[in-house]
Amino acid sequence: MTELAGTAPTTAEDLYQERVQRILDCVALKEPDRVPIMGPYELFPYQFAGVSFKDAMNDYAIAREACHTFLDAFQPDADFGPILAYPAKAMAMLDVKWFRWPGHGLADNTMYQFIEGEYMTADEYDEFLYDPSHFMLGKWLPRSFGSLEGLAGWPPARLMMWFGWTGLLAGMADPGVQQALRNALEAGEELGRWFGSIGQYAQEIRAKGYPQAFAAFSWAPFDIVGDTLRGTRGILSDIVRRPDRVLAAASKAVQLCVEYASGAAGADLPLCWIWLHKGSEGFISDAQFRKFYWPSLLEAIEGMVEKGVIPVVYCEGDDTSRLPYFTQVPEKSVIFHMAVMDMRKAKELLGDVAAISGNVPNRLLLTGTPDDVRDYCKGLIDTCGEGGGYIMDTSALLDEARVENVRAMFDVTREYGVYR
Amino acid sequence: MREELTAAIADIREDDALELARTMVDRGGDPREVLEACREGMSLVGQRYEEKEYFLPELIVAGDMLRSIAELVKPRLQGEDGEASTLGTIVIGTVEGDIHDVGKDIVAFMLDSNNFEVIDLGVDVPASRFVEEISARSPEIVAMSGFLTLAFDQMRSTVAAIDEAGLRDRVKIMIGGAPMDETVTEYIGADAYGSDASAAVTLARNWVEGGER
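Quick mapping for you: the protein sequence lines, in order, are chains Z and U.
So that you can map any letter, position 1 of the first sequence is 1 in the numbering used here, and since no number is skipped, the others follow by simple counting.
So that you can map any letter, position 103 of the second sequence is 103 in the numbering used here, and since no number is skipped, the others follow by simple counting.
Isolated chain Z (complex conformation):
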């Protein structure tokens, strides 16, 4: 699996620039030298490297090593590295309530999973809207993390003015607050080590000629409210019961969505991945999408583009009927990742507007043959590759898969995906 003869630059720096350019060309809807390939892989790199996901989440060196093994073998155009092996030690210290992971409620090689719940109750919308920061500190943190329960007693920082700070700081005398802060300090140091490892890995792969595939992560405003605050049942029933509150919260979350992304500005590859969840077909109607989901997402996308960030809008469901909305984004500035999609229609509607990526079914990579995968990928290149604007990727974040199938996806992209 080497770069094609005659096109292989000599230095790692050349390779780095070439890979960055390949993706930027795609976003600009210019024809690159070949179809780029990258994606968020969860369990797969560790499975490939033969380490348990539990070990990867607990030992940062093991995670880095496994990601290098994967990177050397497959040579994606941009790499996620170990960021998706979440920091198990810190999560255990904090006693995270809405997550289960290998060694903590799940078997060693099982992908971590999110537990739905209402971490903001239906009557707390106004509290969230008034002061999102204090809501997160005083309500969401204590509910989400067992070891931070004591923070529930801490007064809001907004009341610090003139001699208000005396009340705020006196709040620190509370034994519950003190214990929570001690726990937070300890977990914070562990998180520092984890982020240190992520940074170290980024430098190591840069030296090998690879850019990092992400510069920030964010969520659609509706999902910011829906995923970890209200939960699926909560947010979807709120559409019926308190539509005005949902709209107000989604509107507030536009700023949060852009803020999550803003750190990407200035990166060589300023990609901010926005994970789309509850607006897909099957969840809500077209009319509900148009009213509750899309306006705030569009505003956030526009805000990101304005800051020089490239949003990677990662559709995790079937969004074929949402394509006409997607055409409204700023031209040549966005990547739409498609999980389930009529890709011909996507190319037809978005071809002059935004790059598209994805759609290699994960089930095919697990249950199909290399020939099946090659055929599928060739079909994607034929359908979506013309003139540039397509990035090869799986449908969803990659967990279990047959190695020979993943290899076939990479090989066919490098061979068949060359623009001549």
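Simulated from the structure, these hints should not be mistaken for lab results.
Quick reminder that beta carbons are idealized off the backbone N, C-alpha and C, glycines included.
Keep in mind that a hint or two might mislead.
[To be verified] In silico contact screen, one side only, chain U against chain Z (beta carbon under 8 Å); selected entries:
| no. | residue |
| --- | --- |
| 1 | Leu56 |
| 2 | Val184 |
| 3 | Asp196 |
[Said to hold, decoys possible] List time: in silico DSSO-like cross-link candidates among lysine-lysine, alpha-carbon distance up to 27 Å:
| no. | chain 1 | residue 1 | chain 2 | residue 2 |
| --- | --- | --- | --- | --- |
| 4 | Z | Lys378 | Z | Lys345 |
| 5 | Z | Lys307 | Z | Lys291 |
| 6 | Z | Lys332 | Z | Lys307 |
| 7 | Z | Lys378 | Z | Lys291 |
| 8 | Z | Lys307 | Z | Lys30 |
| 9 | Z | Lys208 | Z | Lys252 |
| 10 | Z | Lys345 | U | Lys52 |
| 11 | Z | Lys347 | U | Lys52 |
| 12 | U | Lys52 | Z | Lys291 |
For chain Z, the structure is supplied; the task is to place chain U on it using the hints.
Using the frame of chain Z, we list chain U on its own:
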């Protein structure tokens, strides 16, 4: 008033529906009539969902309405035979290793409101549990849910366990969840997959009404 209740449920007017049901119960009306109005209302909700007029928000609120009204009516039903005849019995669960419940719950709810007796085993259900429940409850249908690719092999071994227990011929097996399709159905050894809750209801109806076992 019964028609009004049916309409309120069908139109997802939650406050109206609860108020009407309460009034009917308070006036000493037949609790079975309240439940019958609910059934009719839910049938319309299901119809509108199948016609893609309603989506998950309406289904979730309809489910809540039904639960609240059932709570209201329950004390009046004591001693009475509240059992309605069902189309068939379905054992449903998310397979071991997978703890996703949103899709499974919607499917269970839709099957239930379409007059199936639904035995919901919850999430992270081991193969042995499916086998036990099939032995004990003799369902016509088993529905397995899974959201992650890890569910493929787990579903496959669950089907194998059902087979080994000599129960495979007694049940139809459907699977559901985001990554499922025909090739996965074949890989797992299930009989069919459903792409959404309506598909699950259609499959189940065809199976029991067609007398296919």
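Against the structure, the hints come out as follows:
1. About 5 Å separates the beta-carbon of leucine 56 of chain U from the nearest beta-carbon of chain Z, less than 8 Å, and the hint is met.
2. A least Cβ separation of about 5 Å between valine 184 of chain U and chain Z falls short of the 8 Å threshold, and the interface hint therefore holds.
3. Taking 8 Å as the C-beta contact cut-off toward chain Z, the hint placing aspartate 196 of chain U at the interface holds, the least distance being around 6 Å.
4. In summary, the hint linking lysine 378 of chain Z to lysine 345 of chain Z is supported, as the alpha carbons are separated by about 17 Å, within the 27 Å threshold.
5. Proximity of lysine 307 of chain Z to lysine 291 of chain Z is assessed by CA-CA distance (about 25 Å); at most 27 Å being required, the pair is judged to hold.
6. For a cut-off of 27 Å, the pair hint linking lysine 332 of chain Z to lysine 307 of chain Z stands: about 15 Å separates their Cα positions.
7. At roughly 37 Å between alpha-carbon atoms, lysine 378 of chain Z and lysine 291 of chain Z are farther apart than 27 Å, so this suggested pair is violated.
8. Of the pairs offered as hints, the one joining lysine 307 of chain Z and lysine 30 of chain Z holds, with about 22 Å between alpha carbons and a cut-off of 27 Å not exceeded.
9. Taken as a hint, the lysine 208 of chain Z and lysine 252 of chain Z pair is broken in the structure, with Cα atoms around 41 Å apart against an allowance of 27 Å.
10. Under the criterion of a C-alpha separation no larger than 27 Å, the hint pairing lysine 345 of chain Z with lysine 52 of chain U is consistent with the structure, at around 21 Å.
11. Under the criterion of a C-alpha separation no larger than 27 Å, the hint pairing lysine 347 of chain Z with lysine 52 of chain U is consistent with the structure, at around 26 Å.
12. With a C-alpha separation of about 17 Å, the suggested pairing of lysine 52 of chain U with lysine 291 of chain Z holds against the 27 Å cut-off.
Hint check: violations occur at hints 7, 9; the rest are consistent with the structure.
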